[in-house]
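Enquirer: Residue strings, one per chain:
Protein chains: 2
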Amino acid sequence: MLLEKTTRMNYLFDFYQSLLTPKQKSYMSLYYLDDYSLGEIAEEYNVSRQAVYDNIKRTEMMLEEYEQKLQLFKKFQERKKIIEKLKGLPFQSEMKEEFDRLLHLLEKLD
Amino acid sequence: MLLEKTTRMNYLFDFYQSLLTPKQKSYMSLYYLDDYSLGEIAEEYNVSRQAVYDNIKRTEMMLEEYEQKLQLFKKFQERKKIIEKLKGLPFQSEMKEEFDRLLHLLEKLD
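Quick note, the sequences are listed as chains A and B, same order.
Those letters in the first sequence? Residues 1 to 110, per full-length UniProt numbering, in order.
Those letters in the second sequence? Residues 1 to 110, per full-length UniProt numbering, in order.
No wet-lab data here; the hints were simulated from the structure.
Please note that a few of the clues may not be correct.
Pairs count within a copy or across copies, as identical chains cannot be separated in the list.
Unchecked claim - 25 Å max Cα-Cα, derived SDA-like pairs, lysine to any residue:
| hint | residue 1 | residue 2 |
| --- | --- | --- |
| 1 | K5 | E60 |
| 2 | K80 | E67 |
| 3 | K25 | Y36 |
| 4 | K23 | M62 |
| 5 | K23 | Y11 |
| 6 | K74 | E98 |
Work out the full structure: start from the sequences and follow the hints.
Expert: So this is what it looks like as structure tokens:
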């Protein structure tokens, strides 16, 4: 699997998994997070390799459609860039600790 | 209509409208943004008042379900609070302008 594609799918799965069915979630999680092969998933669920493949391909398309509509991953990346820039600003005052705390809270929200 | 509920629905509609069908979007937009009555929408689309009512109720439930799953409105509110606090920090340096610019960018992302 191409590393870049895997990383993107991991993120999309992370952002939109709540919109998937339990079966879609299981297949995606085994394939992308636990690095199972299609054959291993097929065996685990007692279905054909093709069925697993079709399900995962369909799910990937759904995730890309959700991203096209909601752009959560894109916004996450843009927000991250802005927060990095904020972190780089020379903030010198007794409030530095509070500044860092707030930026950390912002990051955790994504 | 209760004002608080209207405000919430406006926000949910704003966040999740890309996931609705064109008809759902039209009804919601006329009802919540343009303040049409159910009767006026029914007349416009040549359907029964009850059909419009059912469609809008169903859409409201869908929006609440999306919010339960993705929490975009909740996170938006939390992010807004954090950004307000950041704005309140005594940032004194030649970078103040850049600080404000970055916070403004963060706000626009939501």
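Enquirer: Now, for every hint given, state plainly whether the structure supports it.
Expert: Verification of the supplied hints:
1. Within a single copy, K5 and E60 get their C-alpha atoms as close as 11 Å, which meets the 25 Å cut-off; across copies the closest is 35 Å, which misses it.
2. Proximity of K80 to E67 under the C-alpha cut-off of 25 Å is found in both arrangements, the shortest distances being 17 Å within a copy and 23 Å between copies.
3. In this assembly of identical chains, the alpha carbons of K25 and Y36 lie at most 25 Å apart only when taken from the same copy (14 Å versus 41 Å across copies).
4. In this assembly of identical chains, the alpha carbons of K23 and M62 lie at most 25 Å apart whether taken from the same copy (14 Å) or from different copies (21 Å).
5. Proximity of K23 and Y11 under a CA criterion of 25 Å is satisfied intra-copy only: 19 Å inside one chain copy versus 31 Å between copies.
6. Taking the shortest Cα distances, K74 and E98 sit within 25 Å of each other only across copies (23 Å), while inside one copy they are farther apart (28 Å).
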